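Make the full structure from the sequences, and use the hints.
Protein chains: 2
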Amino acid sequence: MTPTACLLVIGNEILSGRTQDANIRFIATGLAQAGIALEEVRVIPDKARRIVETVATCRVQFDHVFTTGGIGPTHDDITAGCVAEAVGVPLECHEESYRELEAYLGKEKFNKARQRMAWLPRGAVPIRNTVSIAPGFSIANVHVMAGVPSIMQSMFTALLPTLEGGAPLCSVAWHADLREGTLAEGLEAIQHDFPELDLGSYPFERPDGRRGVSLVAKGYDEEKVEAAGERIKALIESLGVTPIAGEPAP
Amino acid sequence: MTPTACLLVIGNEILSGRTQDANIRFIATGLAQAGIALEEVRVIPDKARRIVETVATCRVQFDHVFTTGGIGPTHDDITAGCVAEAVGVPLECHEESYRELEAYLGKEKFNKARQRMAWLPRGAVPIRNTVSIAPGFSIANVHVMAGVPSIMQSMFTALLPTLEGGAPLCSVAWHADLREGTLAEGLEAIQHDFPELDLGSYPFERPDGRRGVSLVAKGYDEEKVEAAGERIKALIESLGVTPIAGEPAP
Numbered sequence: 001m002t003p004t005a006c007l008l009v010i011g012n013e014i015l016s017g018r019t020q021d022a023n024i025r026f027i028a029t030g031l032a033q034a035g036i037a038l039e040e041v042r043v044i045p046d047k048a049r050r051i052v053e054t055v056a057t058c059r060v061q062f063d064h065v066f067t068t069g070g071i072g073p074t075h076d077d078i079t080a081g082c083v084a085e086a087v088g089v090p091l092e093c094h095e096e097s098y099r100e101l102e103a104y105l106g107k108e109k110f111n112k113a114r115q116r117m118a119w120l121p122r123g124a125v126p127i128r129n130t131v132s133i134a135p136g137f138s139i140a141n142v143h144v145m146a147g148v149p150s151i152m153q154s155m156f157t158a159l160l161p162t163l164e165g166g167a168p169l170c171s172v173a174w175h176a177d178l179r180e181g182t183l184a185e186g187l188e189a190i191q192h193d194f195p196e197l198d199l200g201s202y203p204f205e206r207p208d209g210r211r212g213v214s215l216v217a218k219g220y221d222e223e224k225v226e227a228a229g230e231r232i233k234a235l236i237e238s239l240g241v242t243p244i245a246g247e248p249a250p
Numbered sequence: 001m002t003p004t005a006c007l008l009v010i011g012n013e014i015l016s017g018r019t020q021d022a023n024i025r026f027i028a029t030g031l032a033q034a035g036i037a038l039e040e041v042r043v044i045p046d047k048a049r050r051i052v053e054t055v056a057t058c059r060v061q062f063d064h065v066f067t068t069g070g071i072g073p074t075h076d077d078i079t080a081g082c083v084a085e086a087v088g089v090p091l092e093c094h095e096e097s098y099r100e101l102e103a104y105l106g107k108e109k110f111n112k113a114r115q116r117m118a119w120l121p122r123g124a125v126p127i128r129n130t131v132s133i134a135p136g137f138s139i140a141n142v143h144v145m146a147g148v149p150s151i152m153q154s155m156f157t158a159l160l161p162t163l164e165g166g167a168p169l170c171s172v173a174w175h176a177d178l179r180e181g182t183l184a185e186g187l188e189a190i191q192h193d194f195p196e197l198d199l200g201s202y203p204f205e206r207p208d209g210r211r212g213v214s215l216v217a218k219g220y221d222e223e224k225v226e227a228a229g230e231r232i233k234a235l236i237e238s239l240g241v242t243p244i245a246g247e248p249a250p
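Protein sequence lines correspond, in order, to chains A and B. In terms of the UniProt record's numbering, the first sequence opens at residue 1 and continues consecutively. In terms of the UniProt record's numbering, the second sequence opens at residue 1 and continues consecutively.
If you are wondering where the hints come from, they were derived from the structure by calculation, not from laboratory data. On a predicted model such as this, the values are computed, not experimentally measured, just so you know. Using N, Cα and C, we set each Cβ at its ideal position, and we do this for glycine too. Be careful, since some hints might not be right.
[Unchecked claim] 16 Å max Cα-Cα, derived EDC-like pairs, lysine to aspartate or glutamate:
hint: 1; chain 1: B; residue 1: 47; chain 2: A; residue 2: 188
hint: 2; chain 1: A; residue 1: 47; chain 2: B; residue 2: 40
hint: 3; chain 1: B; residue 1: 112; chain 2: A; residue 2: 230
[As the list claims (entries may be wrong)] Residues on chain B that point at chain A, a partial pick, calculated with CB under 10 Å:
hint: 4; residue: 20
hint: 5; residue: 27
hint: 6; residue: 47
hint: 7; residue: 76
hint: 8; residue: 77
hint: 9; residue: 125
[Said to hold, decoys possible] Pairwise CB distance ranges (calculated):
hint: 10; chain 1: B; residue 1: 4; chain 2: A; residue 2: 161; range: 36 to 46 Å
hint: 11; chain 1: A; residue 1: 95; chain 2: B; residue 2: 160; range: 45 to 55 Å
hint: 12; chain 1: B; residue 1: 160; chain 2: A; residue 2: 123; range: 38 to 48 Å
hint: 13; chain 1: B; residue 1: 133; chain 2: A; residue 2: 166; range: 35 to 45 Å
hint: 14; chain 1: B; residue 1: 206; chain 2: A; residue 2: 161; range: 50 to 60 Å
hint: 15; chain 1: B; residue 1: 233; chain 2: A; residue 2: 242; range: 32 to 42 Å
hint: 16; chain 1: A; residue 1: 196; chain 2: B; residue 2: 233; range: 39 to 49 Å
hint: 17; chain 1: B; residue 1: 210; chain 2: A; residue 2: 185; range: 54 to 64 Å
hint: 18; chain 1: B; residue 1: 193; chain 2: A; residue 2: 188; range: 32 to 42 Å
hint: 19; chain 1: B; residue 1: 223; chain 2: A; residue 2: 95; range: 28 to 38 Å
hint: 20; chain 1: B; residue 1: 210; chain 2: A; residue 2: 177; range: 42 to 52 Å
hint: 21; chain 1: A; residue 1: 61; chain 2: B; residue 2: 210; range: 48 to 58 Å
As structure tokens, then:
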């Protein structure tokens, strides 16, 4: 069975429109390659009650929960405490992280606010990164990462090989200068023959205004994905249009 | 009271990493300006059970639910039926939309798959757009829009003035070449004095690698936001650094 995952993006800045999300796609792509199915993403504000409830709900519903954001030294960095509460363990000083932070920052700069960063849920395993000393960690099936993209990416890259995945998600895409409505029936027939795959149809618009559609077959069984891809190609050809191979959308 | 909202992004293509989301920020920004608080975003797959349950849950929890994706003519376009089920009304042919689709496409092209697009939840009010004839609609407190950004934007722009909002979300931002840990205590003191505002601290990295932090005060009371902004500016100056005004992050 392919393990499942949920990503929680913690941060008011996405919800207010201030910031364009730059983390979801990186994590989604990495999980797909690792054979872990990302089944939901939630963007939630950095309010303690919301974080605790969401982590507690999602970690029962999915095999893994990944979080980004809220692990710095400021008052709105409350993820560690909330995750501890959701998992049901106390927050305590993680001695090794404390020493590392102190050594990195120097005793003088290692003020009260920064010392808070060394407080992790009891039993947490740090997630290393090569960009900063931000204190990412895993506790049970919850993996807590930074929100800054470069730091998150370094953490996620270190974390991913430690998680057990299934076969990677495979996909085949064909693009065509067709409208969805023209090929909907043919596509549904293919979906019917490959119930274990996701067949998607994604209209797009080229910069010059011409519209087309990308047909994508996705799943964890490579042979079936290939076979469905051939059927999609033949469907486009049967409608008198030349299929264009490739990903992403042209 | 500021009305609350949740956005549901329906689509496997974001979850598989195939597509970068291009809708969240547009909607988030529009809602903030309209005085509607976006409190959650969920990205979910186009599986009927998941859509029905999520819409049913979220429309009780928030004043408004916005959805994007899944309203085209193909087999994976199941949003209208799922929303009907979540709201508890039947899906039925919306005569006006049927006639419009038929007139637009011509009788010959208006095949079975495309006719499905005219089936809306009973009582639905169409959301117009100037880009296509995609059948967006509102039913109760659920607003269903296309996933293609240009069409979604046209629908959202038509829809937003029909919704009652509160005062718009205001924000003030100051950027500084400082690290979060240095100003965390000062910032917490300001947050303490303005409990009704969100004070956020967002580290960033310039293209040349230099790091800084953006301090943002946000809320629905413009005077208090201004006052908190002055306090933030003074805090940065007290740390011997020149505050840089503006938004977004430099």
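Hints, verified against the model:
no.	hint	result
1	47(B) - 188(A)	15 Å, holds
2	47(A) - 40(B)	12 Å, holds
3	112(B) - 230(A)	25 Å, violated
4	20	5 Å, holds
5	27	8 Å, holds
6	47	9 Å, holds
7	76	6 Å, holds
8	77	8 Å, holds
9	125	23 Å, violated
10	4(B) - 161(A): 36 to 46 Å	40 Å, holds
11	95(A) - 160(B): 45 to 55 Å	52 Å, holds
12	160(B) - 123(A): 38 to 48 Å	47 Å, holds
13	133(B) - 166(A): 35 to 45 Å	41 Å, holds
14	206(B) - 161(A): 50 to 60 Å	31 Å, violated
15	233(B) - 242(A): 32 to 42 Å	60 Å, violated
16	196(A) - 233(B): 39 to 49 Å	58 Å, violated
17	210(B) - 185(A): 54 to 64 Å	56 Å, holds
18	193(B) - 188(A): 32 to 42 Å	60 Å, violated
19	223(B) - 95(A): 28 to 38 Å	46 Å, violated
20	210(B) - 177(A): 42 to 52 Å	46 Å, holds
21	61(A) - 210(B): 48 to 58 Å	41 Å, violated
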